[in-house]
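> Could you build all of it, start to finish, from the sequences and the hints given here?
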Amino acid sequence: MSEVLVVFDDVVKRFGEFAAVKRMSLEIRRGEFLALMGPSGCGKTTTLRMLAGLELPSEGDITLEGQSLLSVRPHERDTPMVWQSLALFPFLDVRENVEFGLKMRGVAADERRRRAEDWLDRLGIAEFARRNVEQLSGGQRQRVALARALVTEPQILLLDEPLSALDAHLVIRMQGVLTRLQRELGITFVYVTHSQSEAFAMADRVVIMSDGEISQIGAPRDIYRTPANRFVAEFVGRNNILSGKVKRLEQNDAVVATPAGALKVSVGEDNSISEGDEISFVIAADLVRLSQEPPAEGNAVPVSLISEEFIGSVVTLFLESDDGTEFRAQLQERELADIDLKAAKELYLSWPPASGHILVDRI
Amino acid sequence: MTSDRAVRWFLRCYLALLFLFVFAPILASVVFSFNSQRFPTIPLGSFSLQWYEAILEDPDVWDAVRTSIIVSISTACLATFIGFCTAYTDYRYGFRFKGAYLALALLPPTIPLIILALAMLAWFSRIGASGQVWSIIIAHTVLCSPFAMAIIRLRLQQMDRNLEPAAWNLGASEWRGMGQVVLPFARPAIISALCLTAAVSFDEFAVAWFVSGLNKTVPVIILEIVTGNIDPQVNAIGTFVFITSITLVVIAQILIMARESKGGTAP
Amino acid sequence: MADAPQGPVRGKPAVRRLDGYALFFRLPIIFWQLLFFVGPLIFMIAMSFFLVKNYRMVEAFEFDNWAKMLARGYFWDSYLLTFGLAALSTLVVTTLAFPASYALAFKVSPGVRRWAIFFLIVPFFTSYLVRTFSWYVILAESGPINAVLSYIGLGPYIMLNTKFGTIVGYMTLTLPLVVILQTLSLSHVDRSLIEAAHNLGCGRMRTVFTVIVPLAKVGLIIGAVFCFILSFGDFVSPYYLGGSKPPTLPILIIDTTKSGQQWPRAAVVAIMMMATLLTVAFAAIALAYRRRVR
Numbered sequence: 043m044s045e046v047l048v049v050f051d052d053v054v055k056r057f058g059e060f061a062a063v064k065r066m067s068l069e070i071r072r073g074e075f076l077a078l079m080g081p082s083g084c085g086k087t088t089t090l091r092m093l094a095g096l097e098l099p100s101e102g103d104i105t106l107e108g109q110s111l112l113s114v115r116p117h118e119r120d121t122p123m124v125w126q127s128l129a130l131f132p133f134l135d136v137r138e139n140v141e142f143g144l145k146m147r148g149v150a151a152d153e154r155r156r157r158a159e160d161w162l163d164r165l166g167i168a169e170f171a172r173r174n175v176e177q178l179s180g181g182q183r184q185r186v187a188l189a190r191a192l193v194t195e196p197q198i199l200l201l202d203e204p205l206s207a208l209d210a211h212l213v214i215r216m217q218g219v220l221t222r223l224q225r226e227l228g229i230t231f232v233y234v235t236h237s238q239s240e241a242f243a244m245a246d247r248v249v250i251m252s253d254g255e256i257s258q259i260g261a262p263r264d265i266y267r268t269p270a271n272r273f274v275a276e277f278v279g280r281n282n283i284l285s286g287k288v289k290r291l292e293q294n295d296a297v298v299a300t301p302a303g304a305l306k307v308s309v310g311e312d313n314s315i316s317e318g319d320e321i322s323f324v325i326a327a328d329l330v331r332l333s334q335e336p337p338a339e340g341n342a343v344p345v346s347l348i349s350e351e352f353i354g355s356v357v358t359l360f361l362e363s364d365d366g367t368e369f370r371a372q373l374q375e376r377e378l379a380d381i382d383l384k385a386a387k388e389l390y391l392s393w394p395p396a397s398g399h400i401l402v403d404r405i
Numbered sequence: 256m257t258s259d260r261a262v263r264w265f266l267r268c269y270l271a272l273l274f275l276f277v278f279a280p281i282l283a284s285v286v287f288s289f290n291s292q293r294f295p296t297i298p299l300g301s302f303s304l305q306w307y308e309a310i311l312e313d314p315d316v317w318d319a320v321r322t323s324i325i326v327s328i329s330t331a332c333l334a335t336f337i338g339f340c341t342a343y344t345d346y347r348y349g350f351r352f353k354g355a356y357l358a359l360a361l362l363p364p365t366i367p368l369i370i371l372a373l374a375m376l377a378w379f380s381r382i383g384a385s386g387q388v389w390s391i392i393i394a395h396t397v398l399c400s401p402f403a404m405a406i407i408r409l410r411l412q413q414m415d416r417n418l419e420p421a422a423w424n425l426g427a428s429e430w431r432g433m434g435q436v437v438l439p440f441a442r443p444a445i446i447s448a449l450c451l452t453a454a455v456s457f458d459e460f461a462v463a464w465f466v467s468g469l470n471k472t473v474p475v476i477i478l479e480i481v482t483g484n485i486d487p488q489v490n491a492i493g494t495f496v497f498i499t500s501i502t503l504v505v506i507a508q509i510l511i512m513a514r515e516s517k518g519g520t521a522p
Numbered sequence: 007m008a009d010a011p012q013g014p015v016r017g018k019p020a021v022r023r024l025d026g027y028a029l030f031f032r033l034p035i036i037f038w039q040l041l042f043f044v045g046p047l048i049f050m051i052a053m054s055f056f057l058v059k060n061y062r063m064v065e066a067f068e069f070d071n072w073a074k075m076l077a078r079g080y081f082w083d084s085y086l087l088t089f090g091l092a093a094l095s096t097l098v099v100t101t102l103a104f105p106a107s108y109a110l111a112f113k114v115s116p117g118v119r120r121w122a123i124f125f126l127i128v129p130f131f132t133s134y135l136v137r138t139f140s141w142y143v144i145l146a147e148s149g150p151i152n153a154v155l156s157y158i159g160l161g162p163y164i165m166l167n168t169k170f171g172t173i174v175g176y177m178t179l180t181l182p183l184v185v186i187l188q189t190l191s192l193s194h195v196d197r198s199l200i201e202a203a204h205n206l207g208c209g210r211m212r213t214v215f216t217v218i219v220p221l222a223k224v225g226l227i228i229g230a231v232f233c234f235i236l237s238f239g240d241f242v243s244p245y246y247l248g249g250s251k252p253p254t255l256p257i258l259i260i261d262t263t264k265s266g267q268q269w270p271r272a273a274v275v276a277i278m279m280m281a282t283l284l285t286v287a288f289a290a291i292a293l294a295y296r297r298r299v300r
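Protein chains in written order, with the working numbering: chain Z, 43 to 405; chain G, 256 to 522; chain S, 7 to 300.
To be clear, the hints were calculated from the coordinates, so they are not data collected in a lab.
Hints may contain errors.
What the hints assert, rightly or not - To list a few chain Z residues with every Cβ distance to chain G over 10 Å, as calculated:
(1) R155
(2) P337
(3) D364
Claimed, not checked - Quick list of simulated restraints, FRET-style, between CB atoms:
(4) Z:H211 x S:P220: 46 to 54 Å
(5) G:R442 x S:W82: 50 to 58 Å
(6) G:R431 x Z:G218: 30 to 38 Å
(7) S:V224 x Z:G366: 31 to 39 Å
(8) G:V262 x S:V224: 25 to 33 Å
(9) G:R431 x Z:Q374: 54 to 62 Å
(10) G:F350 x S:K223: 31 to 39 Å
(11) S:I127 x Z:E351: 44 to 52 Å
(12) G:L510 x S:K223: 33 to 41 Å
(13) S:P220 x Z:I348: 49 to 57 Å
(14) S:K223 x Z:E255: 43 to 51 Å
(15) Z:E368 x G:R442: 56 to 64 Å
(16) G:R431 x S:Y61: 53 to 61 Å
(17) Z:S179 x S:F215: 48 to 56 Å
What the hints assert, rightly or not - A short list of chain G residues far from chain Z (calculated; beta carbon distances all over 10 Å):
(18) A261
(19) V262
(20) I324
(21) Y356
(22) N417
(23) F440
(24) R442
(25) I509
For each residue, glycine too, the CB sits at the ideal point set by N, CA and C.
See below:
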């Protein structure tokens, strides 16, 4: 049994003139929690629907365990979906909703009932079995939708922004439920969302999409630390992005003339950067230091404070350098204990060249 | 402000008068059906069941009732079936000339009945179907299917767009999805459509009169009686027709509400 | 990322085709309407060019019927009478319905409004014929109304076999529908616009005509059009309450068909009626959706 379960091979999807998905290739691994993430209109939902068979690719192929899915109708596939609107059947009670998939597969009534009740119990909603779905709360209905999709023990579960209609505290709880379930069952989850925090909290790998194409694929941490391009960097974090021309190269560093001053960023083994190139680089907000004196070495930019955002132990500071460039710093509250931000006459933002990560902008 | 209250009072009286006008002939008909006088006037005559006795003993009336029942039940089934197909097509599919398609489906109510009656009489004679019961059924179906379509379409509008795909996604083929999801969801509207089209057909006289020949429906009998002379039997018949129609509507409403309060549990 | 796998043959992306499922639902209405709605109407148009020889209809393409019918004085008298009565009916019903619709849309609670509309639907389930017959009895010279009036020393008034009777009949036919349509369109008028008008000093009555009516224009016009179409095409009221002489166009159709067996001539009348109604409907819709250009 290979590690790869689903392959998208050069898939294109057009609606009339408009290309929702442009030449996308992707591998989905067995047993992973994969998130498809991006802004509205990036093609993530279209991709999910193609996997479910609700849309057919205009070009390219989608294979499951090596077999092409193109001629497989939606009801012949084993790709149950948890819908954004939940799509629970209002004329059936909770248990009948959950049994639906089993009924379609011809499972006998007693067996269906047992398995449905088993799942309802597992998700903590057994007491609602005979109730009408309309009588349940948002979170409870969410669980019904989950049970309905999982009761047939599929290989893949598709989820289309399932948490978008829930209250904030329920979202956190459901994230825990989903992650736990996925680990226990070991099945592949393909999860579509526009929320970075959801994707990063739950997924093993995240696929960031923009304008019908994949911008980056990787583990959440890797994407955060080393965003592939400007779009990802901006989409994914509260980061500082600076651009400028390379003035010169010093050993492993490039000195870049940015509006905020001449700053060093390490290029490492990369030989493609030369003097005169225009480059952008990103410094994660949590990698900068704030002090009242310029540091001994590394980059330093004089800044003044614009505002603070205080969320418990982490403080986000919004700062501005003399030339007007905005910076963000994310610091632990105790690190600021020594600095009186309001009274300080001089503030310096500093970071070592290695903390900067060069971005490759897609043409 | 007193002028505001005066206006409100005036409008309420106006409403009452209007309803009086609308219901006067109906109430009068019911009252006269129990009135002994042949030419009702004030003061009324004595209470009498003679008109009811007359119609219950008239074999023509019973024939007409039988014909009307056959016609209205058949019309209801056919018109609701066609209306459902059209409503579902409108809901689910987009295609070229869809505007023309819908116009074709919804045009009949805009054509005066008398013209439709003439056209159908001529057409059915041409194809040798005049005077048959099923020619009335066909004509009534043309008239009623737009209403069935509208009622069902309104209900389908309320259906979550993902409900059918959810069924397919869980293993139901399109046909099974139709039976397991769309039909159960639309059931209240289907029942309403059946009752409404039955009622409309039961009461339709112009087309039936032209097209029916010797197979008369109840309204045609009424028409013939009324054409002849003043005959209070008509009131008795009218009251029966009214009670039948209202009963159908009430049954439909009860069925729909019972389903909703039970939480829509499938049998 | 690994290279694309070489193994199994690539599937061909399927083209979306009209399958049996879609056709099953799409076709019934097409067949039915073409065969039993469009067919009859087209045949009727063709029939207007047929001839009647020895009481039998013969297929032909002659303008005989058209010439004869349109040259007759009694046809145009009937035409003008029908049009005039329908127009009068539309005017009367639309005006009389308005205060009631206004009251239902703005002056009663939503619950009362729902019940009112429900009760206005009830007449649709009674026989229009029987209701007309009731009016025949009520309006008779020796009927209840004249009896009551005679107690106060008025009358007796002749109300049957007059245009008054016909109009009363038309009102019975169309009033409930017009009230329902007007109420629905008035109740969808944005309340905040009305309040804004009052706030700016516009009096109640003036607001009604300068703000509410224009906003509900489309619905009001649709109601009027339905009223016209129904009145124009009705034969029951002019026949039983109006005396049927002079005849209106629908009565002309009935006479020509039932007693004269002159179906082609009846077809001519029917086509003239259709043409008139189409023109009126289009004109009304154009009026309804006309944008005022300053």
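> The structure should be examined with respect to each hint, and the outcome stated for every one.
Status of the hints after comparison with the structure:
For Z:R155, the requirement that its beta carbon stay farther than 10 Å from each beta carbon of chain G is met, with the minimum near 14 Å. Residue placement check: Z:P337 keeps its beta carbon more than 10 Å from all beta carbons of chain G (closest about 56 Å). With a closest Cβ-Cβ approach of about 54 Å to chain G, Z:D364 is found to remain outside the 10 Å limit, as its non-interface label requires. One distance hint, 46 to 54 Å for the beta-carbon pair Z:H211 and S:P220, holds here, with the actual separation near 49 Å.
Range check, G:R442 to S:W82: about 53 Å between beta-carbon atoms, so the 50 to 58 Å window is met. Between G:R431 and Z:G218 the Cβ separation comes to about 36 Å, which falls inside the hinted range of 30 to 38 Å. Taking the beta carbon of each, S:V224 and Z:G366 are about 54 Å apart, not inside 31 to 39 Å as hinted. Between G:V262 and S:V224, the C-beta spacing of about 26 Å keeps the proposed range 25 to 33 Å intact.
Between G:R431 and Z:Q374, the C-beta spacing of about 58 Å keeps the proposed range 54 to 62 Å intact. Restraint check, G:F350 to S:K223: a C-beta distance of roughly 33 Å satisfies the suggested window 31 to 39 Å. Checking the proposed 44 to 52 Å range against S:I127 and Z:E351 shows it is violated: the Cβ atoms sit about 60 Å from each other. At about 39 Å, the beta-carbon gap between G:L510 and S:K223 stays in the expected band of 33 to 41 Å.
Take S:P220 and Z:I348: their Cβ atoms lie about 51 Å apart, and the range 49 to 57 Å holds. Taking 43 to 51 Å as the suggested C-beta distance range, the pair S:K223 and Z:E255 conforms, at roughly 49 Å. Range check, Z:E368 to G:R442: Cβ separation about 59 Å, and the 56 to 64 Å hint holds. At about 58 Å, the CB distance of G:R431 to S:Y61 agrees with the hint of 53 to 61 Å.
Separation of Z:S179 from S:F215 is about 50 Å and conforms to the stated range, judged on CB atoms against 48 to 56 Å. Against the 10 Å criterion, G:A261 stays outside the reach of chain Z, whose nearest CB is about 46 Å from its own CB. Every CB of chain Z lies more than 10 Å from the CB of G:V262, the least distance being 42 Å, so the non-interface label holds. With a least beta-carbon separation of about 31 Å from chain Z, G:I324 lies farther than 10 Å from that chain, consistent with its non-interface assignment.
Every CB of chain Z lies more than 10 Å from the CB of G:Y356, the least distance being 21 Å, so the non-interface label holds. Not every beta carbon of chain Z lies more than 10 Å from that of G:N417, the smallest distance being close to 4 Å; the non-interface claim is violated. Remark: the non-interface label on G:F440 conflicts with the geometry, its nearest Cβ contact in chain Z lying 6 Å away (cut-off 10 Å). The beta carbon of G:R442 sits about 8 Å from the closest Cβ of chain Z, which is not more than 10 Å, so the claim that it is off the interface is violated.
Against chain Z, the non-interface label of G:I509 holds: every CB pair exceeds 10 Å, the least being about 18 Å.
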